[in-house]
Amino acid sequence: MTAMPPNKILKELSLNSICVGYHDKAVVEDASFRIVEGQIGCLLGPSGCGKSTLLRAIAGFEPLMAGTIVLDNEELSSADHVLSPEKRSIGMVFQDIALFPHLTIRDNIAFGLKSWAKRDSQARVDYLLDLVGLSGFGERYPHSLSGGQQQRVALARAIAPKPKLLLMDEPFSGLDAKLREELVPDIRAILMHERVSAILVTHDQSEAFAMADQVAVMESGKILQVGTPYEIYHEPVSRFVAMFVGQGDFLPAVVCGDNCVHSDLGEIHGDLNHGFAAGEKVDLLVRPDDILHDDESQFKGLIVSKWFRGSYFLYRVKLSSGKVIYCFASSHHNHSIGQEIGIRVELDHLVMFASNAR
Amino acid sequence: MSTLTSQLSTPRARRRLPWLKLSALLVAILLAVPVLIIVVNIFLGGDQVWQHLYDTLLFDYVSNSLLLMVGVTFGTLVMGVPAAWLTSVCHFPGQRMFSWALLLPLAMPAYIIAYTYTGLFDFAGPVQTFIREVTGLGYGEYWFFEMRSLGGAFVMLSLVLYPYVYLMSRAAFLEQSANTLEVSRTLGYSAPHAFVKLALPMARPAIVAGVTLAMMETLADYGTVQYFGVTTFTTGIMRTFYGFGDLAAASQLAGVLLLFVAVLIFTERYSRRKIKYHASGIRKASQRRIPLTGLSGALACLACSIPVLAGFVVPASVLGYWALFEAESIGWDFVILSWNSFYLAASAALITVSLALVIAYAVRLHHSKSVNAAALSAGMGYALPGTIIAIGVIVPLAWLDHQIIALVKQMFDVKIGLIFSGTIIALLFAYTVRFMAVSLGSVQSGLGKVKPSMDMAGRSLGCSPAEVLRRIHVPLLKSSVLTALLIVFVDVLKELPATLILRPFNFNTLAVRAFELASDERLVDAAPASLMIVLVGLIPVILLSRSISSANTNG
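Each protein sequence line maps, in turn, to chains U and G.
Just so you know, we're using this note's numbering here: the first sequence kicks off at 966 and counts up by one.
Just so you know, we're using this note's numbering here: the second sequence kicks off at 389 and counts up by one.
The set of hints was computed from the structure by calculation and includes no laboratory data.
There's no promise every hint is true.
Stated by the list, open to error - Pairs of lysine-lysine, DSSO-like flavour, derived with a Cα cap of 27 angstroms:
| # | chain 1 | residue 1 | chain 2 | residue 2 |
| --- | --- | --- | --- | --- |
| 1 | G | Lys-866 | U | Lys-1079 |
| 2 | G | Lys-585 | G | Lys-662 |
| 3 | G | Lys-757 | U | Lys-1079 |
| 4 | U | Lys-1079 | G | Lys-839 |
| 5 | G | Lys-585 | U | Lys-1129 |
| 6 | G | Lys-837 | G | Lys-797 |
| 7 | U | Lys-1127 | G | Lys-839 |
| 8 | U | Lys-990 | G | Lys-585 |
Unchecked claim - Not the full set, but computed from the structure, chain U residues with beta-carbon under 10 angstroms of chain G:
| # | residue |
| --- | --- |
| 9 | Val-992 |
| 10 | Ala-1024 |
| 11 | Gly-1025 |
| 12 | Leu-1257 |
All C-beta atoms in this analysis are idealised placements derived from N, C-alpha and C, irrespective of residue type, glycine included.
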């Protein structure tokens, strides 16, 4: 084997307080985010929050109004300088897949390898076809492949030139749920194997959790919180993040100590100081798995709806105060709607926000 | 090219001067000038010639044009609709062959079929000569129909224009849901009854659109009506222009004709919108075709063969015979004619398609209202008769020439000739106005296949903008650009009235030569030029047929 171009491993990508916009109107404001070697980052947010614009700015398709984008000590973009997309060694996978219809699968994948020696490029394509499970499809044309297969080709095409960083813009949104569940872990494994760092854009938290090491939650052009999926889910810093990432409810409560509140479900203790003064009214975040079914409990809830999920039941129960919350129960606790069941809280960390109610 | 390249989704594009957008707007404005000139002329008051025309001939123009339109409507309906229904819903011997053969008359310009049938059926033609020989009767002792009449004109026009009705209604019949027709059968309707009560009304918007297209071509026709001595708008415009030399009156007449065309354009657009409502979600009525055998099969065959034979096979064979055996032998003269036609058509195709590319890329890269409006207005010319466009081109160019000549004379005391009017430039300008719509349509549909994300994919895979154009756009656009070039080329080759008005002195093309020879009653000698036009005209028809028959096998 002749030597192929060596793997270029990303050490660090950082976005420093960047603003992106059109016609002097900022779509993304003051966004900072960084990922390091081997990490997969995710920009998570509802449609129109600016996450795709941010991704396009990293790729070099959008100029910056302020801030800098730095890749391994090289400044890619700033307010008065944009390095062309083709010079960044950043690959991209698009929402509409965007395979070139006039080229075979093989030629699609080899598209970015024009400066490689022919033998190297052939070998790289063969290797990638095998990696994405499509050996034997090389001579076919994109239109003859299924959506999932096309997405694999798009991934292979993007990582073929060994980019330092791969950007993926809602790569799974065109695929059906089952296919997505198969594809997500596959793609994560391929990225790990190829040692490519990546940034994914999605509005689907389950995709974000399945793929990412670092998640940035965005809303209206701002990054609200950056953290691991675990942190984002269990320690959201705002009501928006709490509600956008995962299910849950806000339970009204009154602070009764440095690490304790009083609610409809009795006194609840956390493991950390929450920083609110005693007597303050707060809303406590309770996830479905924070409320457990317990026949022994003195607190009761009336079942208003239920979902059987195979390994567990998810109930919606109404407390005596009228507040309706989720409740988790193991799958042999089959109760009917209208029945009253005992429930208890199991929480380590109190996530709460000053109450909106007067 | 460099403008295109630099604008291709680079972030900086928005901050630079938008050259592409400005060029697109400029092209659109230039192409709109001829039409605007005519529109303005409608409102400019009457001159004496105008008054004279109004008193004497305008009534003739209007009534003849209307009669011709009624006749052509009838003729195209009778030939187009049954053939469309038979080939799309029924199965009979030759059905597959007829479904494309019925398009062949599209290759036959109306004036050429008119010359051919006149040569065949007039007093000195082979048919009447044969009758005289067999019966021994002499001139005036027997009745024979007069080819060169209003009736003859509408038969000729119908024979070559019915494919518009056929194409549109066939597409409508194919779209009709099989279920709708089957439901009517279960409710007690017989197949013919269901055709009249359901299939026909459902296809009506499409049929109307097809008829409207045929009528536009009828209004635009000059060669046939002029040869047959039927006075219509187009002959009136020519008469006023050449006979009276009155540009103002000619353009006023063109203005009235424009009003007629505007009504047709409106009708056509309206029908097209209704076609969408009438199309049912579920496709393919023709899964189970109605089998026609025996007598009904033979009748179906006959109904489809008559248009094909009369509209193409007979006139093409006659032309071929004349060209090969009876016409003056082809000489150097003919080579020059062909070369003139060829380079004129090729230059027009190149110019039109290049400008279409500029507009199409401007629409793609600048999502602005002004550019979209530019694209719409640039496509206006196609509905307009060549005579209107020619007058609209010559008025501003003649004005411009006179200004320049005066200016040069004043400044240098030198007399110079015409620069724009009466040169190839005027002709090319007129062709561009007339045929921008077809090439723009083709180029835009091709560019639609290149999604913006493909540009970005190319860039992120290490291609510069120029490489993105070369490696992605060029291969994806190639076939639609070639199609556009071909269509414009063939249309220019066939075009007669604008060429007649605008051609430089002593400059002849195949179409003009055929027209002149026919006008001199040398129909047989016109055959080689005519045959050449028909043969080249066959190329796009064959392409169209092929796309139709491949859609057929898929269905």
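Tested hints:
no. : hint                   : in the structure
1   : G:Lys-866 / U:Lys-1079 : 22 angstroms, holds
2   : G:Lys-585 / G:Lys-662  : 18 angstroms, holds
3   : G:Lys-757 / U:Lys-1079 : 39 angstroms, violated
4   : U:Lys-1079 / G:Lys-839 : 22 angstroms, holds
5   : G:Lys-585 / U:Lys-1129 : 67 angstroms, violated
6   : G:Lys-837 / G:Lys-797  : 53 angstroms, violated
7   : U:Lys-1127 / G:Lys-839 : 24 angstroms, holds
8   : U:Lys-990 / G:Lys-585  : 58 angstroms, violated
9   : Val-992                : 13 angstroms, violated
10  : Ala-1024               : 6 angstroms, holds
11  : Gly-1025               : 7 angstroms, holds
12  : Leu-1257               : 47 angstroms, violated
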